[in-house]
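Number of protein chains: 2
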Amino acid sequence: MEELIIKGKAAKAAAAKLALTSADAKNTALCDAARALIENTEYILTENAKDIEAAKQNGMNEGLIDRLSLNPERIKAMADGIMQITQLPDPISEVVSSFTRPNNLEINEVRVPLGVVGIIYEARPNVTADAAALCLKSGNACILRCGKEAHRSSMAITSVIRKAIKTAGLPEDAVSLVENTSRESAVALMKLNGYLDVIIPRGGAGLIRTVVENATVPAIETGTGNCHIYVDKTADLEMAKNIVINAKTSRPSVCNAEEKLLVHKEIAEKFLPDILSALSEKGVEIVGDKTACAIYPKATPATSEDWGTEYLALKIGVKVVDSTDAAIEHINKYGSLHSEAIITESPENANKFLQAIDAAAVYVNASTRFTDGFEFGFGAEIGISTQKLHARGPMGLKALTTTKYTIRGNGQIR
Amino acid sequence: MEELIIKGKAAKAAAAKLALTSADAKNTALCDAARALIENTEYILTENAKDIEAAKQNGMNEGLIDRLSLNPERIKAMADGIMQITQLPDPISEVVSSFTRPNNLEINEVRVPLGVVGIIYEARPNVTADAAALCLKSGNACILRCGKEAHRSSMAITSVIRKAIKTAGLPEDAVSLVENTSRESAVALMKLNGYLDVIIPRGGAGLIRTVVENATVPAIETGTGNCHIYVDKTADLEMAKNIVINAKTSRPSVCNAEEKLLVHKEIAEKFLPDILSALSEKGVEIVGDKTACAIYPKATPATSEDWGTEYLALKIGVKVVDSTDAAIEHINKYGSLHSEAIITESPENANKFLQAIDAAAVYVNASTRFTDGFEFGFGAEIGISTQKLHARGPMGLKALTTTKYTIRGNGQIR
Numbered sequence: 002m003e004e005l006i007i008k009g010k011a012a013k014a015a016a017a018k019l020a021l022t023s024a025d026a027k028n029t030a031l032c033d034a035a036r037a038l039i040e041n042t043e044y045i046l047t048e049n050a051k052d053i054e055a056a057k058q059n060g061m062n063e064g065l066i067d068r069l070s071l072n073p074e075r076i077k078a079m080a081d082g083i084m085q086i087t088q089l090p091d092p093i094s095e096v097v098s099s100f101t102r103p104n105n106l107e108i109n110e111v112r113v114p115l116g117v118v119g120i121i122y123e124a125r126p127n128v129t130a131d132a133a134a135l136c137l138k139s140g141n142a143c144i145l146r147c148g149k150e151a152h153r154s155s156m157a158i159t160s161v162i163r164k165a166i167k168t169a170g171l172p173e174d175a176v177s178l179v180e181n182t183s184r185e186s187a188v189a190l191m192k193l194n195g196y197l198d199v200i201i202p203r204g205g206a207g208l209i210r211t212v213v214e215n216a217t218v219p220a221i222e223t224g225t226g227n228c229h230i231y232v233d234k235t236a237d238l239e240m241a242k243n244i245v246i247n248a249k250t251s252r253p254s255v256c257n258a259e260e261k262l263l264v265h266k267e268i269a270e271k272f273l274p275d276i277l278s279a280l281s282e283k284g285v286e287i288v289g290d291k292t293a294c295a296i297y298p299k300a301t302p303a304t305s306e307d308w309g310t311e312y313l314a315l316k317i318g319v320k321v322v323d324s325t326d327a328a329i330e331h332i333n334k335y336g337s338l339h340s341e342a343i344i345t346e347s348p349e350n351a352n353k354f355l356q357a358i359d360a361a362a363v364y365v366n367a368s369t370r371f372t373d374g375f376e377f378g379f380g381a382e383i384g385i386s387t388q389k390l391h392a393r394g395p396m397g398l399k400a401l402t403t404t405k406y407t408i409r410g411n412g413q414i415r
Numbered sequence: 002m003e004e005l006i007i008k009g010k011a012a013k014a015a016a017a018k019l020a021l022t023s024a025d026a027k028n029t030a031l032c033d034a035a036r037a038l039i040e041n042t043e044y045i046l047t048e049n050a051k052d053i054e055a056a057k058q059n060g061m062n063e064g065l066i067d068r069l070s071l072n073p074e075r076i077k078a079m080a081d082g083i084m085q086i087t088q089l090p091d092p093i094s095e096v097v098s099s100f101t102r103p104n105n106l107e108i109n110e111v112r113v114p115l116g117v118v119g120i121i122y123e124a125r126p127n128v129t130a131d132a133a134a135l136c137l138k139s140g141n142a143c144i145l146r147c148g149k150e151a152h153r154s155s156m157a158i159t160s161v162i163r164k165a166i167k168t169a170g171l172p173e174d175a176v177s178l179v180e181n182t183s184r185e186s187a188v189a190l191m192k193l194n195g196y197l198d199v200i201i202p203r204g205g206a207g208l209i210r211t212v213v214e215n216a217t218v219p220a221i222e223t224g225t226g227n228c229h230i231y232v233d234k235t236a237d238l239e240m241a242k243n244i245v246i247n248a249k250t251s252r253p254s255v256c257n258a259e260e261k262l263l264v265h266k267e268i269a270e271k272f273l274p275d276i277l278s279a280l281s282e283k284g285v286e287i288v289g290d291k292t293a294c295a296i297y298p299k300a301t302p303a304t305s306e307d308w309g310t311e312y313l314a315l316k317i318g319v320k321v322v323d324s325t326d327a328a329i330e331h332i333n334k335y336g337s338l339h340s341e342a343i344i345t346e347s348p349e350n351a352n353k354f355l356q357a358i359d360a361a362a363v364y365v366n367a368s369t370r371f372t373d374g375f376e377f378g379f380g381a382e383i384g385i386s387t388q389k390l391h392a393r394g395p396m397g398l399k400a401l402t403t404t405k406y407t408i409r410g411n412g413q414i415r
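Residue numbers (the working numbering), protein chains in the order written: chain A, 2 to 415; chain B, 2 to 415.
Keep in mind the hints are simulated off the structure, nothing from the lab. Cβ coordinates follow ideal geometry from the N, Cα and C atoms, glycine included. Misleading hints may appear alongside valid ones.
[Said to hold, decoys possible] Residues of chain A clear of chain B, computed beta-carbon distances all greater than 10 angstroms:
#1 Leu115
#2 Lys149
#3 Glu214
#4 Asp237
#5 Ala360
#6 Glu376
#7 Leu390
#8 Arg393
[To be verified] If you want the footprint, here are the derived chain B segments under chain A, 3+ residues with CB under 8 angstroms:
#9 11-24
#10 30-41
#11 80-90
#12 97-107
#13 273-286
#14 385-396
#15 406-414
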């Protein structure tokens, strides 16, 4: 696709300059971009209104229209987000390791930008500013491709940012947005080898699957969370109740929300009626295995599909298990490698769970909702990696970098 | 493909056990496997002879037959390689970072195995033992898929290793070899999502391209090296000559060998006749740009394709450039992100080159041949990553690991 080749070349050239740009220059450009977004509020809202109008005509649901909609406060929040990113330490040029070999070669492993980052996302205009700022801060050029419903809004934001960073002396092609909104342009971006160094999807399970299946550029999988909480027989049941209610109901649409509750058989009769009626009062739909349904008859039987499903809604799957080992086995079979928790007063079971569970974040006696770049203290988040290569769990700026070895010699040959 | 699903399930179950296996137990099993390979020399050679016989009948060339051929010394070398791996520190369980959040959540980032590693390679039986040992040492199960010409040899080696590690108390499915040798089985392995955590190709450019284009499992690109040496106008020309001869001729078939020579115009007339006749005497075929051919008429004109080609042979492309900047631009355009070198006495040009070149290893005044896990002191090498995600440059055991966050709380909710 010609547009992508042109943008790829331009981004690659911009990345070469950005890699040599100082932290101060990057931060100045980001401050300018933040200010420019606020100054151009009216223009951005005008373009956003066109997106919203079209979305309404196409029958987009209320929730999605809300995510698509901007207003002065939301534009201010975007600008504030960029300003926060300027306050983070610059990850580039850190010497990660340094050693001298017996032949006197001096080897340094130095942190450098990835180069050109592709980001594919859905109809959320605010991701445009956030992704562009994270990439710029970490010295990367980015090629953004947003959902077509948010295209006019994202284009407005992109053009404001491009103008601001150009005026600040940085290459405007450090940030670009794919103009072609066809499905083909998304797939072409995933296959833009030679120009893109990585592609990161930010969105739902469908988008992520499309990227995993189609990308020939290295991709980072993010975000699907079929998260479990296992309540052990030794659990403090009051603590367990608080955590389960928090993890399930505080924000059910996010990837670190609880989707499944596993309960040890010895406490099931005591704990389940209490927690499940509490969840039910909060509007949570409950499906369960045979034992759970027998103990709490208002639950409906879970299907085999339920155990692997991320609901992202006020719904929970409940299963009674015989042991910590059985809980571990179930989680490692059905989990999505995101966040898993055990509630227990047994140090032995806690350690076993921490060691054996295969997930980005494994909790003892805390809510899965803490799997988040800000909660972990990273100050920013590109996403939550649920794969094992490069980055796992909440990804801060460092996940947008790589290293290279620089080697100084005085004529060494092998 | 049913075989792969079965092997995938078995490997995943084995990986869950291996992740909890102590360093001592892994090392004991590896020592036993090394001993078993020597004890079964006769059996392995019998199977290898069948592969060689078939290869000869199919007209395989001498070089490839040599790489396919085993003898008692080569089996001993395989066993020694495994014993060396047992001596390396265990990368698993290292606490990479540790911090307590203001809400008292204690977060540890702990090094853990990747899980199940797929390795696709060509007709080199020794890779079977090497890959299996590296994976086992780092706590990973592996599914190997070798070139069909080496299948009987690799199957013999795999069965000896499986028996040895089983006797040592480890799951035999920690190591398995795909029995189906069709092209389809290779592609199916690259798409074995849900079972494989990573796929690593070990072989030539064609194999790597096939993996990059087909894999839906995260892949690590390794090994293509279109390596340049740039001789700056300030270079010590005697040093430059030694380094170029070493980098080009010491082992032309490997990925860290020099493929291109760039020379600053101010020294071209002095340096080129000397170095090119020296290379020519060592049997190196020389192609050059216009200026190089004018200075050294025995060179033949390079085609535009030459600049991007990894010869892996006694052939070199020569180009005269106007400046360090021009050399950097050429290398960043045509290089394969592997190893690049500048020969210079100018600290300014050295620094500029180190900063601006986009490659896994960037050298000042040393041969590109040092890009190698053993030369870097890593003690072992799975390959040399030429991509930027996860691992870059020579990959030691750490490249076969990931991390997970373990979080301990006392009832925290969000």
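Hint check results:
no., hint, in the structure
1, Leu115, "5 angstroms, violated"
2, Lys149, "25 angstroms, holds"
3, Glu214, "5 angstroms, violated"
4, Asp237, "7 angstroms, violated"
5, Ala360, "7 angstroms, violated"
6, Glu376, "7 angstroms, violated"
7, Leu390, "4 angstroms, violated"
8, Arg393, "5 angstroms, violated"
9, 11-24, "holds (count 3)"
10, 30-41, "violated (count 0)"
11, 80-90, "violated (count 0)"
12, 97-107, "holds (count 3)"
13, 273-286, "violated (count 0)"
14, 385-396, "holds (count 6)"
15, 406-414, "holds (count 9)"
Comparing the model with each numbered hint stated earlier shows that hints 1, 3, 4, 5, 6, 7, 8, 10, 11, 13 do not hold.
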